[in-house]
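Engineer: The chain contents come next:
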Amino acid sequence: MEEPTGWLAVVRDAFSAIGILAFAISGALLAVQKRMDVVGMAGLAVVTATGGGMLRDMLIGATPVAALVDWWMLAVALGGALVVLALHRWMERLDRPVLVFDAIGLGIFAVEGARKAIEHGVGPVGAAFVGMLTGIGGGMLRDALANDIPAVFRRDSRLYLLPALVGSSGAAAAVALGYGHWLVLAIIAAVVTALRIMSELLRWHVPALKTEAIPTIRD
Amino acid sequence: MEEPTGWLAVVRDAFSAIGILAFAISGALLAVQKRMDVVGMAGLAVVTATGGGMLRDMLIGATPVAALVDWWMLAVALGGALVVLALHRWMERLDRPVLVFDAIGLGIFAVEGARKAIEHGVGPVGAAFVGMLTGIGGGMLRDALANDIPAVFRRDSRLYLLPALVGSSGAAAAVALGYGHWLVLAIIAAVVTALRIMSELLRWHVPALKTEAIPTIRD
Amino acid sequence: MEEPTGWLAVVRDAFSAIGILAFAISGALLAVQKRMDVVGMAGLAVVTATGGGMLRDMLIGATPVAALVDWWMLAVALGGALVVLALHRWMERLDRPVLVFDAIGLGIFAVEGARKAIEHGVGPVGAAFVGMLTGIGGGMLRDALANDIPAVFRRDSRLYLLPALVGSSGAAAAVALGYGHWLVLAIIAAVVTALRIMSELLRWHVPALKTEAIPTIRD
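Residue numbers (our numbering), protein chains in the order written: chain A, 28 to 246; chain B, 28 to 246; chain C, 28 to 246.
Isolated chain A (complex conformation):
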């Protein structure tokens, strides 16, 4: 395992930027649906795009968190809000590219999150958790601020958390066992992206208990 450098770091950051852009677009779109103004669009874009990484860094103690140091992340996130402002009439046609970009982001965030956690002294199980949260945390914060139940938890939602967990577990295991070469991690990220896209195309979802099966909890 090693922190990538040189052109490898550039490639990784380029893929991260693709993910940040897609996450930010999903935040800005939800902001409009929830009747927020352009400040809300920008704010929810930034939260969605950088929130998962911020949670990761606060939990593992990698402070100041990455988005404050590598502030191009904040800029790309604001770019996502601008994309929605400029192209909102054509967002329906952008559905597919945004899905693919989002899936690319999920892959790289899950894998990089797990790698970074191990680098900061977290064991493999904890690192698998952190990587998964890096991928889904921004969307969870987005939904919480928009007054929605997290999309990844909702009944009939397509798989999102599980592909991230597969990738973060794989990356954590690879790094812990000494196979943390960038090529291995890139392949694992690609698997996450593929699983996520397939779950959408093939409508994969997990079961749910019937609500009536559960008695009301006392207040």
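I should point out that these hints are in silico values taken from the structure, not numbers from a laboratory. Hints are not guaranteed to be accurate.
Heads up, the list lumps identical chains together, so a pair's fine if it works in one copy or across two of them.
Stated by the list, open to error - Below are the EDC-like pairs computed for lysine to aspartate or glutamate, each with C-alpha atoms no more than 20 Å apart in a straight line:
#, residue 1, residue 2
1, Lys61, Asp175
2, Lys237, Asp183
3, Lys61, Glu119
4, Lys237, Glu119
5, Lys61, Asp122
6, Lys61, Glu239
All values reported here derive from a predicted model rather than from experimental measurement.
Given the coordinates of chain A, work out where chains B and C should sit on it, guided by the hints.
Structural biologist: For chains B and C alone, coordinates are given in the frame of chain A:
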């Protein structure tokens, strides 16, 4: 004050595990009521069971946070979701044991949270706050993600925050004054547990202002 | 740039206390509107008043966070809840003072947040973000716990985030360029306060996209 070791640490962790299990069950139950799928059940169980400790460790700077290092906590939390999956038809009969387990968790989290905060250089008042938050923070995150107002803040809710605050204040004072022996802390935790159970049995609650008494805040 | 000391620190803390009081009052008022009990009033007051600073300190790694060390902040926040309890019949007449106090808090939190971030090694862009979040973060947590969309993101809301961002950007630039004298920072904070009050009096707000312009996002 000292970090417990040996069999004392085992006993403390055993009581913590009881609390984590109960907290996780409350998260998984709410997930079903809110129409989440099994991923949501597992996710909300983990958030409820480990969220308070994660908030504590991020606020005092004890990173990586405990649940990432002692990953048995994540496993026990997932076990709570499994309990709901397996026993949901009989949850009503499990009401009482879950209440008692939850109260045990509240006691140990409040006391241990205050002790850990002082160990990390926080003064007694701050430590009392941190201990209280360790006890109630997971449930607050659970309710925020489930789109509910925190149960501990709701009108006509039974006492929950106050028993935690009594315990965390007592523990902070005991440790700060040099009486942080494990037996003292165990007795304080037991008092929290007893107060919490009594508040449920005797329907203790605090008053509330009439809503009409308050003018609408400007947007 | 330097951490203020002596009477300067006292003056800064006095203005901070004014802001903490106003933020706490807004939290306690919303708690009553949302049908919470007095525990909820105290809890939401503390979250609103200290949440922004806690987010700041967790993101930049200044732990234990300030409100745990300088526990007078917790005391002043509880004082805000007491003000609402005691004076709720006259809150409408207190509208104007609370607005002014809140604007004073926004100014000092935005400026001090940016200064503290730079002190902890964050660059100017990241520090501008952190300062802004210090000012608005407590209110966002308040709204999230009260099950509302953040007021600062809502359509037709008056400017709140933007004055904070102007101030945090100005403070970050001033400190980074070596002009971080307390007098410069105090003037910037006063500008934030003035902008915020003017935005309320003159009903400044930013535009919003029409909700129908956006297709529904897939789940």
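Engineer: What label fits Lys61 with Asp122 when the C-alpha limit is 20 Å: within, between, both, or neither?
Structural biologist: Close inside one copy (19 Å), not across copies (28 Å); limit 20 Å.
Engineer: Treating 20 Å as the Cα threshold, decide for Lys61 and Glu239: within, between, both or neither.
Structural biologist: Only across copies: Lys61 and Glu239 sit 11 Å apart there, 30 Å inside one copy, limit 20 Å.
Engineer: For Lys61 and Glu119, with the copy left unspecified, which applies at a CA distance of at most 20 Å: within, between, both, or neither?
Structural biologist: Intra 18 Å, inter 29 Å, cutoff 20 Å: intra-copy only.
Engineer: State whether the alpha carbon distance between Lys237 and Glu119 is at most 20 Å within one copy, between copies, both, or neither.
Structural biologist: Intra 33 Å, inter 15 Å, cutoff 20 Å: inter-copy only.
Engineer: Should Lys237 paired with Asp183 be assigned to within, between, both, or neither, using CA atoms and 20 Å as the limit?
Structural biologist: within (13 Å within a copy, 28 Å between copies)
Engineer: For Lys61 and Asp175, with the copy left unspecified, which applies at a CA distance of at most 20 Å: within, between, both, or neither?
Structural biologist: both (10 Å within a copy, 11 Å between copies)
The structure meets every hint from the earlier list without exception.
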